[in-house]
Amino acid sequence: MILIVAEHAAGKLAKATLEMVTAARESGREGPVTLLVLGQNVAAVANEAAAVADQVLVADLPGLATYNAEVWAAATTQIAQEGEAHTVIIGGSRSGREYAPRVAVKLDAAYLEDATKLSSNGAALQAQRYTYLARVTETVEADGTVVVTVKPGSFAPAAPAAAAGEQYDVELTLPAARVEVTGKSVEKSSRVALTEADVIVTGGRGVGSPENFSRYVEALADNLGAGVGATRAVVDAGWRPYAEQVGQTGKTVQPKAYIALGVSGAVQHLSGMGKSKNIIAINKDAEAPIFKVADYGIVGDINEIVPALIEASRK
Amino acid sequence: MNILILVRQVPDAEARVKINAQQVDLDGATLVIDGMDEYGVEEALRLRESGAPIEQIIALAIGPKRNEDALRTALAMGVDRAIHVETDEKFDAVTLSRVVAQVAQAENATLILAGGQEADWDSQALGAASAERLGWPQLTWTNELKLDGDTITGRHDVDDGNESFRATLPAVVTTQQGLNEPRYPTLPNIMKAKKKELRKDDPAGYGLSSKVRTVNAEIQTRARLNRMIDGKDAQAAAQQLLDLLRNEAKVIA
Ligand SMILES: Cc1cc2nc3c(=O)[nH]c(=O)nc-3n(C[C@H](O)[C@H](O)[C@H](O)COP(=O)(O)OP(=O)(O)OC[C@H]3O[C@@H](n4cnc5c(N)ncnc54)[C@H](O)[C@@H]3O)c2cc1C
Numbered sequence: 001m002i003l004i005v006a007e008h009a010a011g012k013l014a015k016a017t018l019e020m021v022t023a024a025r026e027s028g029r030e031g032p033v034t035l036l037v038l039g040q041n042v043a044a045v046a047n048e049a050a051a052v053a054d055q056v057l058v059a060d061l062p063g064l065a066t067y068n069a070e071v072w073a074a075a076t077t078q079i080a081q082e083g084e085a086h087t088v089i090i091g092g093s094r095s096g097r098e099y100a101p102r103v104a105v106k107l108d109a110a111y112l113e114d115a116t117k118l119s120s121n122g123a124a125l126q127a128q129r130y131t132y133l134a135r136v137t138e139t140v141e142a143d144g145t146v147v148v149t150v151k152p153g154s155f156a157p158a159a160p161a162a163a164a165g166e167q168y169d170v171e172l173t174l175p176a177a178r179v180e181v182t183g184k185s186v187e188k189s190s191r192v193a194l195t196e197a198d199v200i201v202t203g204g205r206g207v208g209s210p211e212n213f214s215r216y217v218e219a220l221a222d223n224l225g226a227g228v229g230a231t232r233a234v235v236d237a238g239w240r241p242y243a244e245q246v247g248q249t250g251k252t253v254q255p256k257a258y259i260a261l262g263v264s265g266a267v268q269h270l271s272g273m274g275k276s277k278n279i280i281a282i283n284k285d286a287e288a289p290i291f292k293v294a295d296y297g298i299v300g301d302i303n304e305i306v307p308a309l310i311e312a313s314r315k
Numbered sequence: 001m002n003i004l005i006l007v008r009q010v011p012d013a014e015a016r017v018k019i020n021a022q023q024v025d026l027d028g029a030t031l032v033i034d035g036m037d038e039y040g041v042e043e044a045l046r047l048r049e050s051g052a053p054i055e056q057i058i059a060l061a062i063g064p065k066r067n068e069d070a071l072r073t074a075l076a077m078g079v080d081r082a083i084h085v086e087t088d089e090k091f092d093a094v095t096l097s098r099v100v101a102q103v104a105q106a107e108n109a110t111l112i113l114a115g116g117q118e119a120d121w122d123s124q125a126l127g128a129a130s131a132e133r134l135g136w137p138q139l140t141w142t143n144e145l146k147l148d149g150d151t152i153t154g155r156h157d158v159d160d161g162n163e164s165f166r167a168t169l170p171a172v173v174t175t176q177q178g179l180n181e182p183r184y185p186t187l188p189n190i191m192k193a194k195k196k197e198l199r200k201d202d203p204a205g206y207g208l209s210s211k212v213r214t215v216n217a218e219i220q221t222r223a224r225l226n227r228m229i230d231g232k233d234a235q236a237a238a239q240q241l242l243d244l245l246r247n248e249a250k251v252i253a
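Residue numbers (the numbering used here), protein chains in the order written: chain A, 1 to 315; chain B, 1 to 253.
Treat the hints with care, as some may be off.
Stated by the list, open to error - With a cut-off of at most 25 Å between alpha-carbon atoms, the simulated BS3-like pairs for lysine-lysine come out as follows:
id: 1; chain 1: B; residue 1: LYS211; chain 2: B; residue 2: LYS90
id: 2; chain 1: A; residue 1: LYS15; chain 2: B; residue 2: LYS250
id: 3; chain 1: B; residue 1: LYS18; chain 2: A; residue 2: LYS256
id: 4; chain 1: B; residue 1: LYS250; chain 2: A; residue 2: LYS277
id: 5; chain 1: A; residue 1: LYS106; chain 2: B; residue 2: LYS90
id: 6; chain 1: B; residue 1: LYS65; chain 2: B; residue 2: LYS194
id: 7; chain 1: A; residue 1: LYS292; chain 2: A; residue 2: LYS251
id: 8; chain 1: B; residue 1: LYS211; chain 2: A; residue 2: LYS106
id: 9; chain 1: B; residue 1: LYS65; chain 2: B; residue 2: LYS232
id: 10; chain 1: A; residue 1: LYS292; chain 2: B; residue 2: LYS232
id: 11; chain 1: B; residue 1: LYS65; chain 2: B; residue 2: LYS250
id: 12; chain 1: A; residue 1: LYS117; chain 2: B; residue 2: LYS18
id: 13; chain 1: A; residue 1: LYS284; chain 2: A; residue 2: LYS15
id: 14; chain 1: B; residue 1: LYS232; chain 2: A; residue 2: LYS284
id: 15; chain 1: A; residue 1: LYS256; chain 2: A; residue 2: LYS12
id: 16; chain 1: A; residue 1: LYS15; chain 2: A; residue 2: LYS292
id: 17; chain 1: A; residue 1: LYS277; chain 2: A; residue 2: LYS292
id: 18; chain 1: A; residue 1: LYS292; chain 2: A; residue 2: LYS12
id: 19; chain 1: A; residue 1: LYS251; chain 2: A; residue 2: LYS188
id: 20; chain 1: A; residue 1: LYS292; chain 2: B; residue 2: LYS18
id: 21; chain 1: A; residue 1: LYS292; chain 2: B; residue 2: LYS211
id: 22; chain 1: B; residue 1: LYS200; chain 2: B; residue 2: LYS90
id: 23; chain 1: B; residue 1: LYS146; chain 2: A; residue 2: LYS184
id: 24; chain 1: A; residue 1: LYS106; chain 2: A; residue 2: LYS251
id: 25; chain 1: A; residue 1: LYS251; chain 2: A; residue 2: LYS117
id: 26; chain 1: A; residue 1: LYS117; chain 2: B; residue 2: LYS194
id: 27; chain 1: A; residue 1: LYS277; chain 2: A; residue 2: LYS117
id: 28; chain 1: B; residue 1: LYS65; chain 2: A; residue 2: LYS117
It should be emphasised that the hints constitute simulated quantities derived from the structure, not laboratory data.
So here's chain A without its partners, still in its complex pose:
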């Protein structure tokens, strides 16, 4: 059996889960594609999951009300063992890449991290992944039981299957969470989440000021129905929240269009957005490295080009 741990938030299945279902089906591994839904009050999520998977295992427990790495690892391991899963697929989100290694250790399984492509080669599962700040694509492989995390945005979301999968409730013995969460601040944004957005408008230091960021970057994003991103320079300067940072130490994104305004194109930034389908750069320096990776580039001043873009995109 291929076991996928569903990602969901606010009572809805995440797009990443649909991507993992495609990854499972493309992996060439045998057995039913099984979605495991961990959480509390997750009936709606389980129904959504049933539409795309062969079967759904539902653990609806108070102990799963909030994510905890050790609890999630224990739960996933129990189900993988009981179901004799040879392949466990977990999302390549921050939390997924945090508890998946623990599952691999518990199952004494191989761990293929942050896969962008999966295929089988005889008994081995092969995965592609990016290394060296996403400048290199490596193919790695492992036999036997394998735990895989899947990089968000790398697989097409699965469409609903012809028949809904069966749902089963599962029992779990959960460990106590040893990390106490004493406060939480949630990134609230009225815009599409960066990791789910088809279009992202990102501002760099070249935008000039926090005021210009709102006036240019946010306004253009709103006209295009896009997410808003920022470089580290902008985040370090306190213009924008860290939640918007794209790059090595921020988010990895892969939208259809990535519009970089006043962004130089440092390696650490490219590692987070370099796999975008189309890259559009506006920079006043014709030598800026961002142009080397751009599909469309305008050499020009943000203060002139962006207002014109906002105006033109309003029509």
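Position chain B with the ligand relative to chain A; hints supplied.
Frame of chain A, contents of chain B with the ligand only:
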């Protein structure tokens, strides 16, 4: 208490990465201590400077000879001693966590600091896998850390924002930007570091066998169009770009 810090020597971000015989070839590349690991070194030193009863700060590197330089950097920053498990064989992070767990136990460490994501393998797994082997909790992507007795508190990033946390040692903490500004080793400290212990351990003693094989590595760059639009007439440039995005790339409505 003792703190164990994991360090690696990786290509500088601006270094050109070459491929030779389908594997990454670092010959001639500028190599530096992984910036993410530096945050860990710095944080351990700051915890001690803030008065926490820290007896030993020990840096551990596993991998080829070049990692000696990362250990020397850590020693020059102020770490007390270093251990190098030298091997040219490539082990995946989950396998390497066996070494980390054994060293942590042998050295009586109760706090392990590791970089949030490795700049060579782009992996986030070593801290978490080590924590699991030791049966410890972990805090990843930490950007604020305090130590009071054996209680750690701080803040770290999670999927949908950030959280404040409290946990009891032993624990693994993975570090990231914002935690601190790593210090530069001063010349006197670099000189002093030369006299500090850098112990070599035989990898054979740790019972390693990797479950993951590297099949090949390629530099894969997507061919980009590199279509430049003249920005002198802002209106015309904006209109031309939108037309291209709508009709040619079909990425906006
Ligand atoms: C360990 C580590 C991790 C890092 N992680 C990240 C990360 O996750 N994300 C990230 O982004 N960076 C990261 N960085 C930082 C990275 O190296 C760069 O410093 C950063 O990306 C630069 O941001 P920027 O392009 O906004 O600013 P700058 O490099 O200052 O570039 C500004 C650009 O704007 C252009 N410009 C200026 N004025 C105008 C104008 N009026 N009109 C048009 N163009 C204009 C300039 O020509 C220039 O190209 C990291 C660095 C380290 C060491």
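Comparing the hints with the structure gives:
Distance hint between LYS211(B) and LYS90(B) is fulfilled; the C-alpha atoms sit about 11 Å from each other, no more than 25 Å. Between LYS15(A) and LYS250(B) the alpha-carbon distance is near 22 Å, which keeps this suggested pair within the 25 Å criterion. At roughly 29 Å between alpha-carbon atoms, LYS18(B) and LYS256(A) are farther apart than 25 Å, so this suggested pair is violated. With a C-alpha separation of about 11 Å, the suggested pairing of LYS250(B) with LYS277(A) holds against the 25 Å cut-off.
Among the hinted pairs, LYS106(A) with LYS90(B) is consistent with the structure: their alpha-carbon atoms are about 22 Å apart, no more than 25 Å. Pair hint LYS65(B) plus LYS194(B) holds up; C-alpha atoms about 16 Å apart against a cutoff of 25 Å. With a C-alpha separation of about 21 Å, the suggested pairing of LYS292(A) with LYS251(A) holds against the 25 Å cut-off. For the suggested pair LYS211(B) and LYS106(A), the alpha carbons sit about 14 Å apart, so the restraint of at most 25 Å is met.
A distance of roughly 53 Å separates the Cα atoms of LYS65(B) and LYS232(B); the hinted pair therefore is violated under the 25 Å criterion. For the given pair, LYS292(A) sits about 20 Å from LYS232(B) by alpha-carbon distance, which is consistent with the 25 Å threshold. Distance hint between LYS65(B) and LYS250(B) is unfulfilled; the C-alpha atoms sit about 50 Å from each other, more than 25 Å. At most 25 Å may separate the alpha-carbon atoms for a hinted pair to count; LYS117(A) and LYS18(B) meet this at roughly 22 Å.
Proximity of LYS284(A) to LYS15(A) is assessed by CA-CA distance (about 36 Å); at most 25 Å being required, the pair is judged violated. Between the alpha carbons of LYS232(B) and LYS284(A) the distance comes to roughly 11 Å, so the proposed pair stays at or under 25 Å and holds. As the CA atoms of LYS256(A) and LYS12(A) are separated by approximately 23 Å, the hinted pair is consistent with the 25 Å bound. At roughly 31 Å between alpha-carbon atoms, LYS15(A) and LYS292(A) are farther apart than 25 Å, so this suggested pair is violated.
Restraint check for LYS277(A) and LYS292(A): satisfied, since their Cα atoms lie roughly 15 Å apart, inside the 25 Å limit. The straight-line distance between the Cα atoms of LYS292(A) and LYS12(A) is roughly 39 Å, outside the 25 Å bound, and the hint therefore fails. Between LYS251(A) and LYS188(A) the alpha-carbon distance is near 16 Å, which keeps this suggested pair within the 25 Å criterion. This hinted pair checks out: LYS292(A) and LYS18(B) have alpha carbons roughly 18 Å apart, not beyond 25 Å.
As the CA atoms of LYS292(A) and LYS211(B) are separated by approximately 38 Å, the hinted pair breaks the 25 Å bound. Between LYS200(B) and LYS90(B) the CA atoms are separated by roughly 18 Å; this keeps the pair inside 25 Å, and the hint holds. Distance restraint check for LYS146(B) and LYS184(A): the Cα-Cα separation of roughly 17 Å lies within the 25 Å cut-off, and the hinted pair is therefore satisfied. With a C-alpha separation of about 28 Å, the suggested pairing of LYS106(A) with LYS251(A) is violated against the 25 Å cut-off.
For the suggested pair LYS251(A) and LYS117(A), the alpha carbons sit about 20 Å apart, so the restraint of at most 25 Å is met. The straight-line distance between the Cα atoms of LYS117(A) and LYS194(B) is roughly 46 Å, outside the 25 Å bound, and the hint therefore fails. Between LYS277(A) and LYS117(A), the direct Cα distance comes to roughly 16 Å. Compliance with the 25 Å bound is thereby established for this hinted pair. For a cut-off of 25 Å, the pair hint linking LYS65(B) to LYS117(A) is broken: about 32 Å separates their Cα positions.
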